[in-house]
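Engineer: Here are the chains, one letter per residue:
Protein chains: 2
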Amino acid sequence: MEMQGSALKIVMIGAGNLANNLSLSLLNSGYTILQIFSRTENSAKTLASKLNTDFTNLYSKIRNNADIYFFCVKDDVIEEISKNACFKDKFLVHTSGSTDISVFSDSTSNAGVFYPLQTFSAGKLTSFENIPLCIEATNDESRTILLSIANKISKNVHLIDSEQRKYLHLAAVFACNFSNYMYFSAETLLIQKNIPLEILYPLIIETANKILYQDPKLAQTGPAIRKDIKVLTAHLDLLSSNPELKKLYSFVSDLIGKMKNDD
Amino acid sequence: MEMQGSALKIVMIGAGNLANNLSLSLLNSGYTILQIFSRTENSAKTLASKLNTDFTNLYSKIRNNADIYFFCVKDDVIEEISKNACFKDKFLVHTSGSTDISVFSDSTSNAGVFYPLQTFSAGKLTSFENIPLCIEATNDESRTILLSIANKISKNVHLIDSEQRKYLHLAAVFACNFSNYMYFSAETLLIQKNIPLEILYPLIIETANKILYQDPKLAQTGPAIRKDIKVLTAHLDLLSSNPELKKLYSFVSDLIGKMKNDD
Numbered sequence: 087m088e089m090q091g092s093a094l095k096i097v098m099i100g101a102g103n104l105a106n107n108l109s110l111s112l113l114n115s116g117y118t119i120l121q122i123f124s125r126t127e128n129s130a131k132t133l134a135s136k137l138n139t140d141f142t143n144l145y146s147k148i149r150n151n152a153d154i155y156f157f158c159v160k161d162d163v164i165e166e167i168s169k170n171a172c173f174k175d176k177f178l179v180h181t182s183g184s185t186d187i188s189v190f191s192d193s194t195s196n197a198g199v200f201y202p203l204q205t206f207s208a209g210k211l212t213s214f215e216n217i218p219l220c221i222e223a224t225n226d227e228s229r230t231i232l233l234s235i236a237n238k239i240s241k242n243v244h245l246i247d248s249e250q251r252k253y254l255h256l257a258a259v260f261a262c263n264f265s266n267y268m269y270f271s272a273e274t275l276l277i278q279k280n281i282p283l284e285i286l287y288p289l290i291i292e293t294a295n296k297i298l299y300q301d302p303k304l305a306q307t308g309p310a311i312r313k314d315i316k317v318l319t320a321h322l323d324l325l326s327s328n329p330e331l332k333k334l335y336s337f338v339s340d341l342i343g344k345m346k347n348d349d
Numbered sequence: 087m088e089m090q091g092s093a094l095k096i097v098m099i100g101a102g103n104l105a106n107n108l109s110l111s112l113l114n115s116g117y118t119i120l121q122i123f124s125r126t127e128n129s130a131k132t133l134a135s136k137l138n139t140d141f142t143n144l145y146s147k148i149r150n151n152a153d154i155y156f157f158c159v160k161d162d163v164i165e166e167i168s169k170n171a172c173f174k175d176k177f178l179v180h181t182s183g184s185t186d187i188s189v190f191s192d193s194t195s196n197a198g199v200f201y202p203l204q205t206f207s208a209g210k211l212t213s214f215e216n217i218p219l220c221i222e223a224t225n226d227e228s229r230t231i232l233l234s235i236a237n238k239i240s241k242n243v244h245l246i247d248s249e250q251r252k253y254l255h256l257a258a259v260f261a262c263n264f265s266n267y268m269y270f271s272a273e274t275l276l277i278q279k280n281i282p283l284e285i286l287y288p289l290i291i292e293t294a295n296k297i298l299y300q301d302p303k304l305a306q307t308g309p310a311i312r313k314d315i316k317v318l319t320a321h322l323d324l325l326s327s328n329p330e331l332k333k334l335y336s337f338v339s340d341l342i343g344k345m346k347n348d349d
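Just so you know, the protein sequences line up as chains A and B, in that order. So for the first sequence, this note's numbering puts the first residue at 87; every next one is plus one. So for the second sequence, this note's numbering puts the first residue at 87; every next one is plus one.
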């Protein structure tokens, strides 16, 4: 195989947010995007025109001379798509946090994972420079190739196996999806008193930035960690008309109250 | 009363993190800090020496010619301290998110609130410039004075009454204390697989920054909002040895799952 440096030829499977961001980033780093495949022809066409490359929505037209096939599709269709005969024994790489590398085992023994640990927003281009890239591969040569690509587009590259990646994805749900839900809960309460969420921005940003220099365990503040029963009781009273937020408040406060005892 | 501009004379009650940050900020804006009072003499002395001013730990020695007495003490001692005879009919101002302005009503009819909506860390000086300051007062003249001080040290000043402030403080618990607990939960999971929390920093910071341009309701991502039963089930399996985090995961995921139905 001659798969060195930017001579690598890539076919992108998918044309969503991640496919957009990743293929532009790869192109900017000198890699060749041979073709965009999407089952939705228009999506494939739109991305291909940005990259000035070929596109198709037909499996039979997928180019068979690529060095890597990057799967940037929803988790639950990776296996289904990869079982198409055109992918037989090719180097298949997915970009999913919650999918085992073995998803490709019926199609090929040469597989990899290239998981960018970041959220991508529609229409917004995100530089990969600071995005953690989690790399895994079924063999040394493929691992070397993926690491070399990863190091070319990001300064934050990690070897993470499928078992670790499952926990990482789960931890990201807590740290990101759930913290966003806490912001949403705060907004729900503020709306009741005509206060804009903007007033909490500096505190929210500082709380997130704090973890860069202080462990979250030591950074924990608020009435629950202080065991300030007077404030906890007053807060539960305020929540009497929001039974679900009241239950959430009680539950998380109880967990926080137990933090110190774990030392 | 002659209480205009920086001719104002202030006595600071308390010598903790907030008293340190606020009194230095006031001094830098040209206000006169007449004296630091703390029931712990050493704390009063340490802060007073930074400000090159007087200090005391005795109520009988508190200067009676100040224009404002700023209470930067724990919520549960504001009332107790303010009932001392030396504060009778003075202009008393507290800095607490969860305390009603009426806490001073036995001592004076001239009261105010000056609540900085930010966390202050020991030993770290924080500029007030971007900190939201929530102002309330029992009369127009005192409100004007507090607004003028607030606008001198911050660009982010709000009139917030006691009822609104209670909700604001509660919302801050969700947005900040609880999101920090989500970071801590993530770390708990990563430690089990020898993954450092650092790998989640970019995602955590981006999640917080996202609210600056997108409502948290629209910014919600993850398996729960997608109703991705396969991933949700896999995550609950991974959590089988952490019963409390499993319960938290289920509970918050259920609430997130209901978000779309509220539209």
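Where hints are given, some of them may not hold.
Identical chains blur together in the list; that is why a pair holds if it fits in one copy or across any two.
Keeping only pairs whose Cα atoms sit at most 25 Å apart, straight-line, the calculated PhoX-like set for lysine-lysine is [as the list claims (entries may be wrong)]: (1) K333 / K303; (2) K303 / K210; (3) K169 / K344; (4) K303 / K332; (5) K147 / K160.
Calculated directly from the structure, the hints in this document are not laboratory data.
Engineer: Take the hints in turn and mark each one as holding or not.
Structural biologist: Verification of the hints:
1. K333 / K303: both (23 Å within a copy, 20 Å between copies)
2. K303 / K210: Between copies only: 18 Å across chains, 34 Å inside a chain, cut-off 25 Å.
3. K169 / K344: neither (48 Å within a copy, 35 Å between copies)
4. K303 / K332: This pair counts as both: shortest intra-copy Cα distance 23 Å, inter-copy 19 Å.
5. K147 / K160: within (21 Å within a copy, 71 Å between copies)
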